[in-house]
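> Each chain, written out:
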Amino acid sequence: MEKIVCVLCPMGCKIKYNAVDGKIVAVEGNRCPKGLSYLEEELKEPKRIVPTSVKVVNGELPLASVKTSKPIPKRLIPKFMELVKQVQIEAPVKVGDVIMKNVLDTGADVVATRSVRRISSA
Amino acid sequence: MSAAIAAAKKNLKVVIAERDEITGGILNQCIHNGFGLHYFKEELTGPEYAERFRDQLSRYADSIEVLTDCHVLRLNRNKKALLVSPKNVFELEAKVVVYAAGARERPFGSLMIPGDRPSGIFTAGVAQRLMNIDNRKVGRRALIVGSGDIGMIMARRLTLEGIEVVGVVERLPYPGGLLRNVIQCLKDFNIPLYLSSTVVEVKGRERLEEVIVASVDEQFRPIPNTEKSFKVDTLVLSVGLIPQVEMLNGLVSLDKRTRGIACSNTGQSSNEWIFAAGNCTAIFDLVDYVTKEGERAGEYASRYVNGERFSLGIPIVPGENVMLTFPNYYNDIDDLTLYLRCKKPMEKAVLKVGGFEKTFEDLIPSEMIVVKIPKQKLSNLDRIEVKLEEV
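Residue numbers (the working numbering), protein chains in the order written: chain A, 1 to 122; chain B, 1 to 391.
Hints in this document: simulated from the structure, not taken from any laboratory. Bear in mind that the values here come from a model prediction, so they are computed numbers and not experimental data. Beta carbons are placed, not taken as given, at the ideal position from N, Cα and C, and that holds for glycine. Don't take each hint at face value.
Computed Cβ-Cβ distance ranges for the label pairs, DEER-style [stated by the list, open to error]:
#1 Lys41/B with Arg75/A: 27 to 33 Å
#2 Asn135/B with Glu28/A: 44 to 50 Å
#3 Lys70/A with Lys137/B: 24 to 30 Å
#4 Arg75/A with Pro224/B: 39 to 45 Å
#5 Val350/B with Lys16/A: 52 to 58 Å
#6 Asp21/A with Thr359/B: 32 to 38 Å
The calculated lysine-lysine pairs, modelled on DSS-like cross-linking and capped at a C-alpha distance of 25 Å, are [as the list claims (entries may be wrong)]:
#7 Lys348/B with Lys14/A
#8 Lys44/A with Lys187/B
#9 Lys34/A with Lys387/B
#10 Lys79/A with Lys187/B
#11 Lys47/A with Lys187/B
#12 Lys387/B with Lys14/A
#13 Lys74/A with Lys187/B
#14 Lys187/B with Lys34/A
#15 Lys358/B with Lys14/A
#16 Lys47/A with Lys41/B
#17 Lys358/B with Lys348/B
#18 Lys348/B with Lys3/A
#19 Lys95/B with Lys80/B
#20 Lys41/B with Lys70/A
#21 Lys344/B with Lys14/A
#22 Lys55/A with Lys137/B
#23 Lys14/A with Lys41/B
#24 Lys187/B with Lys23/A
#25 Lys372/B with Lys14/A
#26 Lys187/B with Lys85/A
#27 Lys95/B with Lys79/B
#28 Lys16/A with Lys358/B
Next comes chain A alone, as it looks inside the complex:
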């Protein structure tokens, strides 16, 4: 059987599976149903949540950390990083703020994961 490690959570289930022409015929080792959908995606189009940062203007910190609201195709990650690098947002930033909508047509938004207050003098 082929082996794959599920990366969806720190449990890191070692999933064993058999696939014929991309179709899964046998699976074991996943401790939750997410493991199965992860395996299916991984065989079709591997996807990842991408955490990174964007620049903040007039903030108490120069960066606000962000993430994609859901996993995006792995092959788009370099393009995504290029895009995010251009982004600058104005403080204040609140956790959960949507920074970019439907990024690269993936259906995922880029959301802030850190609140950054505006500098008081600004």
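Position chain B relative to chain A; hints supplied.
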């Protein structure tokens, strides 16, 4: 923060002394996801996880006072602490102390690596802070030493930020961190992992220029003529965390295996009014576990303040194939949540603790085992030996 909230729920007055500008510690710079799946049943990044607890703290603002930019200089036997903040130096007297000072990174100097001492050598946490908080790029081409989680996560971070990562060097024959990080941080970005390898020399006049890596034998001795040269300007170290215990020197006893504060399952240390939780007691895999242990320490600390007295209990001793355990003592006031690490990778092993048995598969030292053991399984013992019998 979780200890403070647990204590506030029991109507205690709490003061948090935090040396940083905000509470949350290392979580604030861990911008990657993977936190909170156990505790919140959803996946969060470090800053999000920390912010949730800060929000909870503010809901208890009547009972919890947070002193930021405030460092504890000394904790005395008479339960008085000497603190310093930008405004003043002052003393606080407490009925109980919960110590949750976390851990420090093993520094470059302790590795005794021969060669020059140029700039460009960072611990993973320092590189992480520079990049994720201060918006500073640490270099152009990097090698990572140590395949602990932070090392692998930094390999991905550096790559995403446009720094070429030429490899991760690990002296053990297997990765030091979680498997999921080998996949999503290294394999996803084609970063080579050099197992059974170590850095034997660093070279560079002012800035790092070259790192020499060699294979090692089973005793971690470099094997001659296996040297490889990496032309890099940056070396990032992820070679282990050490519980931060210095402030309590002479006040509490430490555990030889964890190198942290020896604790009972109540969070109580060998000094009855000092409780401890988190990475200052043992290095935990997940912040979710640290939160739980913080809550436990906060709760028992409150019971202590309210007049309840409990003993450390019986010792918990690592036996066959067990590297370390947390806690180090067990009081049958409650069931036991036991954390342990195995000594070596094993395909299958049976965990035996008192009258409790459970089979585990695919064990590696870097992945902590956590089990809840009912107190009925631990009755009539004068010590608890924790064994992993390989099958």
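> Look at each hint and say if it fits the structure.
Against the structure, the hints come out as follows:
The given range of 27 to 33 Å is respected by lysine 41/B and arginine 75/A, whose C-beta atoms sit roughly 30 Å from each other. Against the hinted window of 44 to 50 Å, the Cβ-Cβ separation of asparagine 135/B and glutamate 28/A comes to about 45 Å, which satisfies the hint. Hint check: lysine 70/A to lysine 137/B, Cβ distance near 29 Å, so the stated range 24 to 30 Å holds. Between arginine 75/A and proline 224/B the C-beta distance comes to about 43 Å, which sits within the given range of 39 to 45 Å.
For valine 350/B paired with lysine 16/A, a C-beta distance near 22 Å fails the hint of 52 to 58 Å. Distance hint for aspartate 21/A and threonine 359/B: a CB-CB separation of about 36 Å, consistent with the stated range 32 to 38 Å. Taking the CA atoms of lysine 348/B and lysine 14/A, the gap is near 14 Å; set against the 25 Å cutoff, the hint holds. For the hint pairing lysine 44/A with lysine 187/B, the CA-to-CA distance comes to about 17 Å; that is within 25 Å, so the pair holds.
Restraint check: the Cα-Cα separation between lysine 34/A and lysine 387/B comes to about 32 Å, which exceeds 25 Å; the hinted pair is violated. Proposed proximity of lysine 79/A and lysine 187/B is supported: the alpha carbons are some 19 Å apart, at most 25 Å. For the suggested pair lysine 47/A and lysine 187/B, the alpha carbons sit about 13 Å apart, so the restraint of at most 25 Å is met. Between lysine 387/B and lysine 14/A the alpha-carbon distance is near 24 Å, which keeps this suggested pair within the 25 Å criterion.
Restraint check for lysine 74/A and lysine 187/B: satisfied, since their Cα atoms lie roughly 12 Å apart, inside the 25 Å limit. With a CA separation close to 21 Å, the supplied pair lysine 187/B and lysine 34/A stays within the 25 Å bound. Distance check on the hinted pair: lysine 358/B and lysine 14/A sit about 19 Å apart at the alpha-carbon level, within 25 Å; holds. Only pairs whose Cα atoms come within 25 Å are accepted, and lysine 47/A paired with lysine 41/B is accepted, the gap being roughly 21 Å.
At most 25 Å may separate the alpha-carbon atoms for a hinted pair to count; lysine 358/B and lysine 348/B meet this at roughly 11 Å. Restraint check for lysine 348/B and lysine 3/A: satisfied, since their Cα atoms lie roughly 17 Å apart, inside the 25 Å limit. With a C-alpha separation of about 9 Å, the suggested pair lysine 95/B and lysine 80/B falls inside the 25 Å cut-off, and the hint holds. Taking the CA atoms of lysine 41/B and lysine 70/A, the gap is about 16 Å. The hint holds against a cut of 25 Å.
The straight-line distance between the Cα atoms of lysine 344/B and lysine 14/A is roughly 18 Å, inside the 25 Å bound, and the hint therefore holds. At most 25 Å may separate the alpha-carbon atoms for a hinted pair to count; lysine 55/A and lysine 137/B meet this at roughly 14 Å. With a C-alpha separation of about 20 Å, the suggested pair lysine 14/A and lysine 41/B falls inside the 25 Å cut-off, and the hint holds. Among the hinted pairs, lysine 187/B with lysine 23/A is consistent with the structure: their alpha-carbon atoms are about 23 Å apart, no more than 25 Å.
Among the hinted pairs, lysine 372/B with lysine 14/A is consistent with the structure: their alpha-carbon atoms are about 23 Å apart, no more than 25 Å. As the CA atoms of lysine 187/B and lysine 85/A are separated by approximately 24 Å, the hinted pair is consistent with the 25 Å bound. A distance of roughly 7 Å separates the Cα atoms of lysine 95/B and lysine 79/B; the hinted pair therefore holds under the 25 Å criterion. Pair hint lysine 16/A plus lysine 358/B holds up; C-alpha atoms about 22 Å apart against a cutoff of 25 Å.
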